[in-house]
Amino acid sequence: MRRISPIVMQRIAVTFLWSLTMITIGILLYIICFILLKGLPQLSWEFLSQSPKSMGRGGGIFPMIVGTFMVAGLAVLIAAPLGVGTAVFLTEYTRENKLTFIIRFGADCLAGIPSIIYGLFGFVFFGIYLGMGLSVLSGALTLALMVLPTIIRTAEEAILSVPYAYREASYGLGSTRWQMVTRVVLPSALPGIGTGIVLSLGRSISETAAVMLTAGSALRLPRSIFDSSRTLALHFYILVREGLSVDKAYATAAVLIIIILILNGLAYWLMKRFVGRGGS
Amino acid sequence: MKQDRFIAFILFLLSLSALSGLTLITVFIFKEGLPLILNTGVRDFFFSSNWEPTEGQFGILSMIVGSLAVTLGAMTIGAVFGLGMAIVLTQFCPPKLAAVMKPLIELLAGIPSVVYGFMGVVTIVPMIRTFLGGPGLSMLAASIVLGIMVLPTVTSISIDALKAVPRAYWEGSLALGATKWQTTHMLMLKAAGSGILAAIILGMGRALGETMAVIMVAGNALEMSGNPLDPVRTLTSNIALEMGYATGHHREALFATGVTLFVFIMIFNTIALVISRRSAGKRGRS
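Protein sequence lines, in the order shown, are assigned to chains A and B.
If you read the first sequence in the working numbering, its first letter stands for residue 1, the second for the next number, and so on.
If you read the second sequence in the working numbering, its first letter stands for residue 1, the second for the next number, and so on.
Same shape as in the complex, but just chain B (with noise of 0.2 Å):
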């Protein structure tokens, strides 16, 4: 009994490294770059596009404006596809399929994203430059391929959803007389709605948060030009293409546009746990 309380004692602990781990990485990331955006100053920080870091002049508005766009673009393109394939697989594929089809998702989540941003620089980068104009390295590019990516994380998360709605809904449907789409998009969509949901933020997350193939897609550009043919730098990548280099208030400049992509993560993770943290409870009641 005493060995039996000591073990239940250790697993405990080991319990809390996600924990500890998650502590660490708030205090660290936000001890470096917390003090750089108050000496800035919030406006000079957040509210302008004025990023010289050898000058001293540290403005992220227009990445935080790049991020945003990319992400939209991105969930546009992931959330059509993502939710379309959640919905073929759960309702109108042969379940034999739907057991082949469901591994090659798992396959698209398990491509390195250098190789996504690879693929994107030889394929999609030059069809624009094409057939569109401009640079190619677009945010366009950068949507194109990060939808993509986010592929994986909305279908699979979207099935969870469909797949938890009560099997006697969906027959109770058909018996009525409705056709399989009339049940999908009249019952099945509106029941598993915040799970759905929930997929798209958690997806608008992960394209936020995206870092090299973006990089190798987006062209890195500081301007805001508010045409999607033009090249965009995101938070993510600013990071990633400066810190080699970056030393003292700079590096403190990267880990504060860290601070930034943080909260914003944390904002669009807590949201989707609320939502489908509520959904689950609802289906528990019912």
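Just chain A, with the same shape it has in the complex (with noise of 0.2 Å):
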């Protein structure tokens, strides 16, 4: 058998690799334009602004943005000062060490749980060992773990990426530790951990498995943080697979996608911004 000529051989296993990219890249946009195609005609203001009507086959989701949007921002809201204040110990206040091992594999650990179990978590030991029952406030303690580890890594590798000049001149002008933290390393690095914090608040709006267990599927406008609510992931679950209405699954998913859109795009600005500040 004759060799095959280096030359030939790469160009087959580049056109090769290239046309897996372009199949995964087609994929995306198939998925973001097919739910925006079949979606977008069916919002309108009334969808966004009125209840559902008979479980979801007439009227709106607006519960359930107000409901994502209180489960997942309180899940953020608890997670990022715990996530930002690992980081800053970690990097600021600590050698490496074997604490710091064990804190790192902690999170590493915590970061590989599925969703679903830490919905049974969440629904054994917030909603019935605490007593919190199926609740907005049960639902954002299990996100808030769930996201925690990201926003910890991310916090730590925007506050690794501050200059080590910066810290030397604030203890040259004479600051304290806790003042060159909050003073110059957090301001230069908060790009970077807003990029954390929102990616984070994006993954617990699409999060389906933890919340069904936790913040449970109350179709009602939830009044406080101790009542059930749905959000809008479980929300289309249902109707899909109910089969209650194709037509608000659509519009649903449409509401999602371009949530999941802002946010990401969010993140990248947030992103470009830290990158050509000289952050990293």
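Watch out, some of these pointers could steer you wrong.
With a Cα cut of at most 25 Å, we get these calculated DSS-like pairs of lysine-lysine [what the hints assert, rightly or not]:
1) B:K163 <-> A:K272
2) B:K102 <-> B:K190
3) B:K2 <-> B:K96
4) B:K180 <-> B:K102
5) B:K180 <-> B:K190
6) B:K190 <-> B:K163
7) A:K272 <-> B:K102
8) A:K272 <-> B:K96
9) B:K96 <-> B:K180
In silico contact screen, one side only, chain A against chain B (beta carbon under 8 Å); selected entries [said to hold, decoys possible]:
10) G26
11) D108
12) I113
13) F121
If you want the ones that stay clear, here's a sample from chain A, every Cβ over 12 Å from chain B, calculated [said to hold, decoys possible]:
14) F47
15) L48
16) K53
17) P63
18) L77
19) G112
20) A165
21) V184
22) L190
23) R220
24) R223
Hints are computed from structural coordinates only; laboratory data are not their basis.
Computed from a predicted structure; not experimentally measured.
Ideal Cβ placement from N, Cα and C applies to all residues, glycine included.
Both chains come to you apart, so use the hints to assemble them.
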């Protein structure tokens, strides 16, 4: 058998790999266009501002929009200080040792746990053991744990990429460690930290399995964080699964996709600003 | 100074949050699930396919097999596409184009799993039903959908691994007259091998743990047929499907299913962590 020349071999390989890449990008664009084309015509102000009628066959999704932002917003509000605090401790207040190894290992393990396990845990710990039942608070606490590793990781990277000279200059001006962290390091790392927080918000909004078991699926508007609430993703799942209304399902999915597009765009913009400022 | 020490202590407490979360999750999942495994007996729980929770039969063998089969199928797709994309983006793509593609991959990771499941139901399931036969809702459908879902994980970690290979290796190989592709598959893939392996194993963990998309496309039947065109039920879908109405021993059995899943995931993640740490250590020394 004749050997294929390396140049021809390269051409074959590169063509194959490029086609894999193009297929993937094609799938992504197909999903987004498909949902938007089917969903956008169904969208209307009434759909966004009304409560659902007869289990979601009619009416709108206003309570789910409110519920989604309550659960996801609260989750990020809880996770952000914990995550950024952890990152500051790991980078500025301690050296690499057994303790930091264990803390990082814990965060890495937490990142790998599937959402359904978070759901089971939240259901029994927050819901039953701490008596929160199915509620916005229980869902938010569960999601906060879930996004914590992402926030730690991104905040740590952002803080580490702040030039060391900034810290020395701050010390040179006579600041304490805490002043250096709050006035020099954190402001420089803010866009990077923000990227992580925005992506975590997106992940909380997309999540279904964990909120199903913790925040519940009540259709009415949540009046407080102790009420049960159905999120958009779960509402979409129930509409599809029970075959309630295809039109409403497409419209709900379009709202979800638009929110995700906005959040990812925001994260990208923050990241660019961060890199542009010489952050990394 | 006193204030500084106080702040350090507060930050230390905050940094324990992830670790205490992990501990709480482990303790509560095992506390709820383990007694039932012990009462049912390891043989009747792990090695029986007889799942009739209202009759006191809790065999989950078919779901373990279902989960592993779907995961393997997903990884075949995820590894080929993910690694292919990582190679293109690091070796063969103009940097400007790569800068546009990266956020697109992140977007792929951001799409909710219920949307993936739904897209599977309206596109892949009917295609399988028409061209390959069977009910469409099947192990194959679940593998394809999951394969796409784990792509971003495999791609981004593989990219990191490929980027961590010293630039001098690459330049040296080209200087010796190797083509870019020869350099890639003879040198880069070997040098980044352990990082890529870690990426694939982490992707497997993702696929094993995914729930909503699998419920929507896998069909969820309890039989084990061995045919990829037949429906399967995974560990995750078993929990999500029955948790809504389960009580008593049935609920405990679902937590026991969770324990099984948890142990599988922990094994996968630990292997991936050890591999990637070891490769990072090796690079540090060289």
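Structure-based check of all given hints:
{"no.": "1", "hint": "B:K163 <-> A:K272", "in the structure": "holds (20 Å)"}
{"no.": "2", "hint": "B:K102 <-> B:K190", "in the structure": "holds (24 Å)"}
{"no.": "3", "hint": "B:K2 <-> B:K96", "in the structure": "violated (50 Å)"}
{"no.": "4", "hint": "B:K180 <-> B:K102", "in the structure": "holds (22 Å)"}
{"no.": "5", "hint": "B:K180 <-> B:K190", "in the structure": "holds (14 Å)"}
{"no.": "6", "hint": "B:K190 <-> B:K163", "in the structure": "holds (13 Å)"}
{"no.": "7", "hint": "A:K272 <-> B:K102", "in the structure": "holds (12 Å)"}
{"no.": "8", "hint": "A:K272 <-> B:K96", "in the structure": "holds (13 Å)"}
{"no.": "9", "hint": "B:K96 <-> B:K180", "in the structure": "holds (19 Å)"}
{"no.": "10", "hint": "G26", "in the structure": "violated (11 Å)"}
{"no.": "11", "hint": "D108", "in the structure": "holds (6 Å)"}
{"no.": "12", "hint": "I113", "in the structure": "holds (6 Å)"}
{"no.": "13", "hint": "F121", "in the structure": "holds (5 Å)"}
{"no.": "14", "hint": "F47", "in the structure": "holds (18 Å)"}
{"no.": "15", "hint": "L48", "in the structure": "holds (18 Å)"}
{"no.": "16", "hint": "K53", "in the structure": "holds (22 Å)"}
{"no.": "17", "hint": "P63", "in the structure": "holds (18 Å)"}
{"no.": "18", "hint": "L77", "in the structure": "holds (14 Å)"}
{"no.": "19", "hint": "G112", "in the structure": "violated (4 Å)"}
{"no.": "20", "hint": "A165", "in the structure": "holds (22 Å)"}
{"no.": "21", "hint": "V184", "in the structure": "holds (15 Å)"}
{"no.": "22", "hint": "L190", "in the structure": "holds (18 Å)"}
{"no.": "23", "hint": "R220", "in the structure": "holds (19 Å)"}
{"no.": "24", "hint": "R223", "in the structure": "holds (24 Å)"}
Going down the numbered hints, you'll see the structure goes against 3, 10 and 19, while the others check out.
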